[in-house]
Every structure is written in C-alpha cells, then in structure tokens.
Amino acid sequence: MLPCPGRGKLGDGTVGATAAHTAGNYDRIAAFLTATVDGHRGHPSGGHDREHRIENVELDDLVERLSAARDALALLAELIDEQLDLVPAASEMKFCDGRRTLEQILSSLLKHQRHQVDAVKAAVG
Amino acid sequence: MRPAQQTNAAVRERYGRLARIYDWANLERLLYSRARARAIDLLELRPGAKVLDVACGTGVNFAPIEKRIGPSGCLVGVDLTPQMLGRARARATRHDWHNVRLYQSDASQLSTQRLEALGALGPGEQFDAALCTLGLSVIPDWERAWRATLSVVRMGGRVAVMDAGHPDTPGASGKVVAARPFARVLSSVFAATSSRRPWELVARDADSPVLERFTWGYVVAAAGQVRSSTPARGAALVATATEQISELIGLLST
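First to last, the sequence lines map onto chains A and B. Count along the first sequence from 1, then add 177; that gives the number in our numbering. Count along the second sequence from 1, then add 1145; that gives the number in our numbering.
No lab work stands behind these hints: they were computed from the structure. As the structure is a prediction and not an experimental result, all values here were calculated from the model. We put the CB at the ideal spot given by N, CA and C, even for glycine. Treat each hint with caution, since some may be false.
Restraint-style ranges between C-beta atoms, simulated for each label pair [claimed, not checked]: (1) A:Thr211 with B:Asp1186: 35 to 43 Å; (2) A:Ala267 with B:Glu1270: 26 to 34 Å; (3) A:His292 with B:Asp1186: 49 to 57 Å; (4) A:Leu236 with B:Gly1193: 46 to 54 Å; (5) B:Leu1396 with A:Ala266: 44 to 52 Å; (6) B:Gly1193 with A:Glu235: 50 to 58 Å; (7) B:Glu1270 with A:Thr211: 15 to 23 Å; (8) A:Glu259 with B:Arg1165: 31 to 39 Å.
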C-alpha cells in the first residue's frame, strides 16, 4: 500500500489509512449536521478511531461509506439561512467551539477535508 | 418616530391599543380590499388546504380563505399581539369556523419544530400555502420572518404578500404624489416602514412570481411558488462536499 506523504500520524501513514480517516470524517460531519438540525444533544465525537489501520480498510467498503456520506450531506441543500446561522453548542466536534455558526463549522471541516483529499491525490498521482 | 427601529414589545403595545379600532381605522375598503383579495386569489387555494396566515391580526383574511379551503381545510393564524388575536378568535367563533387555530408568536421565530410544538402542524407536516398581509412592513425582524414563512411551506406550495409602500416612480402621476402625505400618516399610525418593499422578497425567493399594484401604486399584492431548488448557501456547501467525495472515490478507484 502506498505511503501518504505528510500523513504519517494517521494510522500506518498509508493512502488507505488516510482515505479511511477522511471517510470517517465525512461520516462524522453528516452525523453532526443531522444532530444539529434535529436539535439533538451529544454531537458525535471528533476523535479518531480504528479506521486508520490499514488492515481495517477494504476499498469497496470505503467507497460505499463515502457514497453514503455524500448522500447524507445532501441534507445541507435543504438548510435555510436561519439554520446555517445557528451557533451549535461547544462540543468535541472539531471547530465546534460555541462561537462559530453551523455554516462556519461546516466550511472549516470541509476545508480540512480538502487537505486530506489533496494528500491522497499527491500520493496516488 | 422611526419604525425601522421598532421592537416586538413596541409593536405589541401599539397594536394592543389599535386592536379595537383596527378594522375601520386602516381604511380597508378604500386602500387594501382589492389587493388583499388578489393576494388570496394568487394562493390558488383548494378545498382541504392547510394555510398559514402570518401576522393575521384581527382575521381580515379569514373569510376569503375559509370560502376556498372549506371545513376540510385548516387555517392557522399567528400574531404577536394578544388583543389582535382576541378579535380574530371572536371573528372565527362568530362565523363557526372550527378549523381556525390561532397562536401568539413572533413571526420571525416560526419553524416547523415550533409549530409542531404548538400543535399547529403534525410531525413532518408543512403548509400548502402561507400569506402575510400588511405584516412585513411592521414586523421588526421582517426578513427573518419571511425566511421563516418560506421554511414552513412545502416545496411547490404558494406564498403571498400584500403590503404598502411608496411606488417606484412617485412623480409619474399627480395622484401618486398627492397620496404621499396620507401614506406617511398611515405608516406612522400603524408603525409600518414604507421603504421595505417586501414584495421584492417574493420576486427574489419564489418561483413564477406575480406582482400587481393597487391603490395608486402604493399597495402591492405578490405571490409565487416555493422553490424546489436548493437555497444558495447550503447548495454551495453540498457542491464542495460532493466534489471532494467524488474526487476521493475517483482516486481510490484508480
């Protein structure tokens, strides 16, 4: 499996581990979004879990997870300005500090994800 | 007085005092009745429809709405001022409209969740149509109230606004110029801001908007269909996420 430059701290530092981590992040973003819009407490943790290890990564599963996260994130399109301007309570979710609006948090999370995708692209390309 | 700086408390107090005289003091027949009727026409209501009347006041819209939706429909009215709602409730009782439900609420705080909590909507339910007549020129957070209204109407449902304000070309007609001081007095009495032009929100946010002017151009009825397309800000985030994920899937698949 290819090493992923600059992502050595993510599991075993391979493309597979980085991709799995990135997919997990999209899952968490989708869950966070759903919880915030529905007004549920207890946002999903921003912590990293075992998907970083290469032995846990199956390509088909990964693609399936990514597709599911992409579908879940389509909920964003239904948000009105008022919802995007909400300030979610501080939680363990990255960037969710009780000051940023939902739109700012999501933009920051997606910017963070962009770096991960770029890292995979650099390694594969 | 500067109505643009009104607070909800000030509006509630003003309309609390106006409630008893509102139905004749606003010169309905002379100024608004044709525009109001047209706004309600433009909602294209059918029997059984569920309709929201935002800032319903004393219920001036109720009779033409009831005529269209019939007893199988449902009419929900919200207003900030208890005294205005009291008049509306009396009107509904007088006419035996058992399908009218009235709630005191700040229109800018409306949401499906809030309306569900109030019992005005069932779980997952939305309105078929909503209207706001002579409300958006008064509600302090009027643009938020408009967005909130759109959020509780189903996609493809209808929204209508009837409101007053200065015409586009006040010098175009002697009648229009002559009416300006009169309009200024009415705006002051009813705590309305004539510069808001809320019908422009309909043109901006609804599909197939219709806009018609009445009363020397001072009164406008506007309506349109709630969009099935995505709001711009959320859609931009979706586009970003979709592009990233699709790119990652493409990279993994190579």
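Hint by hint, here is what the structure shows:
1. In this structure, threonine 211 of chain A and aspartate 1186 of chain B meet the distance hint of 35 to 43 Å, their C-beta atoms being roughly 40 Å apart.
2. Distance hint check for alanine 267 of chain A and glutamate 1270 of chain B: the Cβ-Cβ separation is about 33 Å, which falls inside the suggested range of 26 to 34 Å.
3. Separated by about 55 Å at the C-beta atoms, histidine 292 of chain A and aspartate 1186 of chain B satisfy the suggested range of 49 to 57 Å.
4. Separation of leucine 236 of chain A from glycine 1193 of chain B is about 52 Å and conforms to the stated range, judged on CB atoms against 46 to 54 Å.
5. For the pair leucine 1396 of chain B and alanine 266 of chain A, the beta carbons lie near 35 Å from each other, so the given range of 44 to 52 Å is not met.
6. At roughly 52 Å, the beta carbons of glycine 1193 of chain B and glutamate 235 of chain A sit within the given window of 50 to 58 Å.
7. Evaluation of the 15 to 23 Å hint for glutamate 1270 of chain B and threonine 211 of chain A yields a pass: the beta carbon distance comes to about 20 Å.
8. Between glutamate 259 of chain A and arginine 1165 of chain B the beta carbon distance is about 34 Å. The supplied range of 31 to 39 Å therefore holds.
Figure legend: structure checked against the earlier numbered hints; the only hint not met is number 5.
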